[in-house]
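J.: In case you want the letters, here they are:
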Amino acid sequence: MNKHMVQNALSFTLNGKNARVENPDGRRLSEVLREDLGAKDVKIGCNAGDCGACTVLVDGEPVCACLLFSETAEGAEVQTLSGLYENDAKTQMLSNSFLNHGAAQCGICTPAMMVSATALLRNTPEPSEAEVKDALGGVLCRCTGYRKIIDAVMSASAIAEHGNGHIGQSLRHVDGVHKTTGQIKFGDDVAPSNCLEIVVLRAPFHHASFEFGDLDAYQRDQGLETILTAKDIHGKNAFGVIPGFTDQPVFAEKFARFKGEAVAAVVGVPAILRDLSLKNFPVSWTEKTSYHTSAEAQKDTALQLHDAHPQNIMCRGYVSRGKAHEALKAADVVVSGRFRTSIVEHGYIEPEAGFAKIKDGRLEIHASTQAPVMDLDSLEEILAIDRNRIRILPTAVGGGFGSKLDISVQPFLALAALKTQKPVRICYSREESLQSTTKRHPADIELAIGADASGKICGFVFHGDFDTGAYASWGPTVANRVPVHASGPYAIPNYLAATKGIYTNNPPSGAFRGFGVPQSAVAQESLFDELADVLRMDRLEFRLHNALENGVPTVCGQVFEQGVGIKACLEALRPAWRKECDKAFELNAQEGVIKYGVGLAAGWYGCGNTSLPNPSTIKSGILPDGRIQLHQGAMDIGQGANTVISQIFATVLGIKVEDIQRIGADTDVTPDAGKTSASRQTFVSGNAARLSAEQLRRQITERLNVSFEANLSFESGRILAEDGGGIQALHLDQLPQDKEGFVFRAEGTYDPPTKPLDENGQGHPYAQFGYAAHLAVVAVDIKLGTVKPLKFVAAHDVGQAINPMLVEGQVHGGIAQGLGMALMEEYIAGKTENLHDYLIPTIGDIPAIETHIIEVKDAHGPFGAKGLGEHVLIPTAPALLNAIKDATGVRLYALPATPSRVLEALHAKAVGTEGGI
Amino acid sequence: MALYFPTSLNDALDILRTPDCSIVSGGTDYFPALKRGQGNTVVLSLTKVPELHGLTTAQNGVRFGAGLTWSQMIKADLPPAFNALKLAGKEVGSIQIQNTATLAGNLCNASPAADGVPALLALDSEVELQSAARGTRQITLKDFLKGVRQTDRKADEILTSIFVPHPPKDMRSVFSKLGSRSYLVISICMTAVNIVLDNEGQVCDLRVAVGACSPVAQRLTSLEEEAIGQHWRDIKVREDHLAQLSPIDDVRASAAYRWAAVQEQIQRSVSEVVG
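From first to last, the protein sequence lines stand for chains A and B.
Just so you know, the first sequence maps onto residues -17 to 899 in my numbering.
Just so you know, the second sequence maps onto residues 12 to 286 in my numbering.
Everything labelled a hint here was simulated from the structure, so no lab data went into it.
One thing to keep in mind: the hints can contain errors.
With a straight-line cut-off of 27 Å between C-alpha atoms, the simulated BS3-like cross-links for lysine-lysine are [what the hints assert, rightly or not]:
| id | chain 1 | residue 1 | chain 2 | residue 2 |
| --- | --- | --- | --- | --- |
| 1 | A | K261 | B | K247 |
| 2 | B | K59 | A | K765 |
| 3 | A | K281 | A | K270 |
| 4 | A | K813 | B | K165 |
| 5 | A | K770 | B | K46 |
| 6 | A | K765 | B | K46 |
| 7 | A | K867 | A | K261 |
| 8 | A | K213 | A | K22 |
| 9 | A | K813 | B | K86 |
| 10 | A | K115 | B | K247 |
| 11 | B | K46 | A | K22 |
| 12 | A | K(-1) | B | K101 |
| 13 | A | K438 | A | K339 |
| 14 | A | K72 | B | K86 |
| 15 | B | K247 | A | K765 |
| 16 | A | K72 | B | K59 |
| 17 | A | K213 | A | K72 |
| 18 | A | K770 | B | K97 |
| 19 | B | K101 | A | K115 |
| 20 | A | K565 | A | K577 |
| 21 | B | K247 | A | K577 |
| 22 | A | K115 | B | K46 |
| 23 | B | K101 | A | K773 |
| 24 | A | K891 | B | K247 |
| 25 | A | K867 | A | K438 |
| 26 | A | K167 | A | K438 |
| 27 | A | K270 | B | K46 |
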């Protein structure tokens, strides 16, 4: 019946060319564009219209291609970024403007932002900020904090400079144009069409035992290529990131400990998997009691989730200096509080995805990752094959923020490729990504701080339980890092900080920008305001009064003789603090339901691993034709490692950044530059790049017998060196080449000098800290409990800004994530498994941000530079909470400060029951 | 899966005789709910049915075709009584969603937090349903919406249009939506207020509709009736006016919060619509 109404073929115009699709079959337009027509510049972030990444123009109007039957495009004109870039001057102008503002970081949302902006500019050539927000409000970005995107669309004057790109210059992202044209390939963009796909079967309960039925029959009946379970793992069915804590199975065996845990995977051709619901998969479940808070899981009656971990205590962390309890007793004033933070999702717009194949008997994994060599380490153990038989070729990373340090899709890809000997691909649905990948540890914190009458802090006692979920992941790192950092960047002579990592049935908590420090900063910076108020001291001056200085020991007893920049950060905020406080006071003098408040908070963060080796190696070389190659294995996840490391290298060698040929990352080719985490790439890999360039320069200048500082220029086939002694030329084709074809070759390795911590946490955990202070201005509606951030002023001590535009980009993005953590983000397993119930900030939520770059040089950093990536969100949440308190007199102890919670706290204050969580 | 794109209403109604046939309009609720391998087997898309397109103004009212998207409605020339509906339209997801989603789909999906319902209730809207077997029938929107994800639509019926009787010429309206962020957000609570005042500021007609605080959005009739003849400044929203609401605790807000917030929201909306 009605055969004529079923469309067996489809034709429309795609980017000005005729496109024909056989058997559209009710598939989404986004799928047809990507898979049938190769338009990989259309990104899939959620398949639900929640993220807007798949925005295309249909007959000139922006729509989410994931929400349309492809058949509805019949006869229409469909335009994607790549086509618009080719044909529309407005899109080309936007590309230029995005690059000039650093408005594309990871680049996964960039196509949708640019397509939406093109549609806006066609009708409104000079849009207002409000018009830009309305036009881009449907596209989520997790990296940029949106402000640079607004500037780019409004054609604000360019930040980027055109020059040789040496340090201190706001060079455009060196890989930026691949992002603004939609060419860059992410995890799901690299597989050939029609290759086998993998779908993971996941636990439907938070805690359950299970048994499989007849898998062979299911495989046969459904026409699957194969089914993978724990039985297919020849090595160790466990992974993790911390030695001694590799406790997470690739496939659960007998028990699943969290909802969404992988228990099996099916592999098959796309046409079969599309219609496979897995509803009848032969598995039977027996649900068990589950625990979702640290307190529940530690009860004596709670089931033990892992052997050898009674009361579900995974590990402990401890730092003690002086006599903290005694100091509190002797203090003139003491404040205390209990705080709770939520599970926070990383919320990158690119779900975990990748592709694998067997090439010349070796396994190749192309996937989105922050840590290619760690992926290799894990696969070697899981697969029990020689690591030389595995090659990791990372794709571009559409946002990571810590979660893509852990393996996700990699073992499934590897097992499927090895078992089938065929190319395979996988892309997590948003639901799977939310359910199964790591989160920020929710924290339960008790803190008491005492001060003497002069306002000097004398004692500090901190206890924190960090819920690591079902598996350890980076939980031990969090448990260790927090006690080192919980003091904030202050001098505290008597200090005790004890933490526990607790197993629960929540999804694993892992690394997320700050490794627990943003949570502890919420407690510490909130109580600093309380303490300043009790002491009747100005909140900024109180912080300055207690701020750490050169020559003053940290809570770990580490004394920095140089480089402590917190006072400079706080002082940079003083003019804004005075001005904004006065303004809020005036506004609050008027009657009304809107109350204005200003909040401050500071933060610090040790760059690199805590008291552990943490080397990076950067290789470089000169080819006979004069080309300069930089083997750069430090993953750029949008933050700009490719740019910053190139800038450092170019500065030392004395060349233009544009003359560098960048290679990698590729575990066959690029040496290990470590993981992109712990704010270490600029500091550690930057130093390795510096050393690599220095070695190269030394070899060349020695060869030419000129001074080390000689001006070098690289021409076709020769190097010219000029110093006081004149110009020397070196012809490269006469030099011997090594097996990689280099005539000069250098490898620089840097490992930050640290010392172990003793049983009281005393030692030298980090070679350098970076410092930060934020000021937030908010308007709180006291009848609705809504909090509207109006402005941020952020001061960041980065030692030396290698690229000021990229520094601002990090600051903006960190503030947006900190704002989300403070005001709206709360992952609840089983309830918020999509991006309309789990809310991250949109373009409408981020106010103007004023960035002050402070440069207190560090002796260990390259050119004095310090790390930055994590510092940027540590002060944000407490600054907002302090602003809410300033506005309303009400302190929030539990995050996020949703309208519901804020109003509840306001009511509690009105009846005199405030202060609890 | 069999997916049909009929190009006439008769064909559409004919296909709808097929058992377990689902109707998809804009698709913005259909696709997000889709699970792998669990798509409906028979799907009827209304996007190519010309009879359902457009907006027509007749002697007695305005008719929105079931295929009318939010963007098309927002751009249409409509009197101030429709401002609440337009404001609601601008709060539907994002521009991308507004360009695809239809008003009729919003009604048939019957979410308690459907953005379009309060404003359409405040306009005393009706819907027209048509089936091959029984022809057409009209029903008020209030009677059409039966509960969470429940409507009075029979399996063989298509909601062909939304009819809004001409509102009084001097009726003004406003819509307010409260969520935890800007854009792309599901309401915690929302309110549409339509009002007609005489020259002295006395209320001649008041319609207050509240969404996301009960299984189906509600008109607050006791508040509306009590206000008639009062000066608008004297309208005071009390708890007892909200008696027919039954807000719940969910991930967006607590029930207690919704009680408090919606009362405030209505009070402010009354001031705003006049101001």
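J.: If a hint holds in the structure, say so; if it does not, say that too.
T.: Hint check results:
For the proposed pair A/K261 and B/K247, the alpha carbon gap of about 54 Å is over 27 Å, so the pair is violated. With a CA separation close to 47 Å, the supplied pair B/K59 and A/K765 exceeds the 27 Å bound. Only pairs whose Cα atoms come within 27 Å are accepted, and A/K281 paired with A/K270 is accepted, the gap being roughly 16 Å. Restraint check for A/K813 and B/K165: the C-alpha separation of about 31 Å exceeds 27 Å, so the hint is violated.
A threshold of 27 Å between alpha carbons decides the hint, and for A/K770 with B/K46 the separation of about 36 Å lies outside it, so the pair is violated. Distance check on the hinted pair: A/K765 and B/K46 sit about 40 Å apart at the alpha-carbon level, beyond 27 Å; violated. Between A/K867 and A/K261 the CA atoms are separated by roughly 50 Å; this puts the pair beyond 27 Å, and the hint is violated. A distance of roughly 35 Å separates the Cα atoms of A/K213 and A/K22; the hinted pair therefore is violated under the 27 Å criterion.
Using a Cα cut-off of 27 Å, the hinted pair A/K813 and B/K86 is violated, with the two alpha carbons roughly 36 Å apart. A distance of roughly 35 Å separates the Cα atoms of A/K115 and B/K247; the hinted pair therefore is violated under the 27 Å criterion. Taken as a hint, the B/K46 and A/K22 pair is honoured in the structure, with Cα atoms around 23 Å apart against an allowance of 27 Å. Taken as a hint, the A/K(-1) and B/K101 pair is broken in the structure, with Cα atoms around 33 Å apart against an allowance of 27 Å.
About 62 Å separates the Cα atoms of A/K438 and A/K339, which puts this hinted pair outside 27 Å; it is violated. Simply put, A/K72 and B/K86 have alpha-carbon atoms about 24 Å apart, close enough for the 27 Å limit, and the pair holds. Among the hinted pairs, B/K247 with A/K765 is consistent with the structure: their alpha-carbon atoms are about 15 Å apart, no more than 27 Å. Restraint check: the Cα-Cα separation between A/K72 and B/K59 comes to about 32 Å, which exceeds 27 Å; the hinted pair is violated.
Restraint check for A/K213 and A/K72: not satisfied, since their Cα atoms lie roughly 55 Å apart, outside the 27 Å limit. Simply put, A/K770 and B/K97 have alpha-carbon atoms about 24 Å apart, close enough for the 27 Å limit, and the pair holds. Straight-line distance between C-alpha atoms of B/K101 and A/K115 comes to about 12 Å, which keeps the hinted pair within the 27 Å bound. A C-alpha spacing of about 12 Å is found between A/K565 and A/K577, which places the hinted pair at or below 27 Å, so the restraint holds.
Pair hint B/K247 plus A/K577 holds up; C-alpha atoms about 23 Å apart against a cutoff of 27 Å. Restraint check for A/K115 and B/K46: not satisfied, since their Cα atoms lie roughly 32 Å apart, outside the 27 Å limit. At roughly 25 Å between alpha-carbon atoms, B/K101 and A/K773 fall within 27 Å of each other, so this suggested pair holds. Annotation: proposed proximity of A/K891 to B/K247 holds, straight-line Cα distance about 25 Å (limit 27 Å).
The straight-line distance between the Cα atoms of A/K867 and A/K438 is roughly 23 Å, inside the 27 Å bound, and the hint therefore holds. With a C-alpha separation of about 54 Å, the suggested pairing of A/K167 with A/K438 is violated against the 27 Å cut-off. Simply put, A/K270 and B/K46 have alpha-carbon atoms about 26 Å apart, close enough for the 27 Å limit, and the pair holds.
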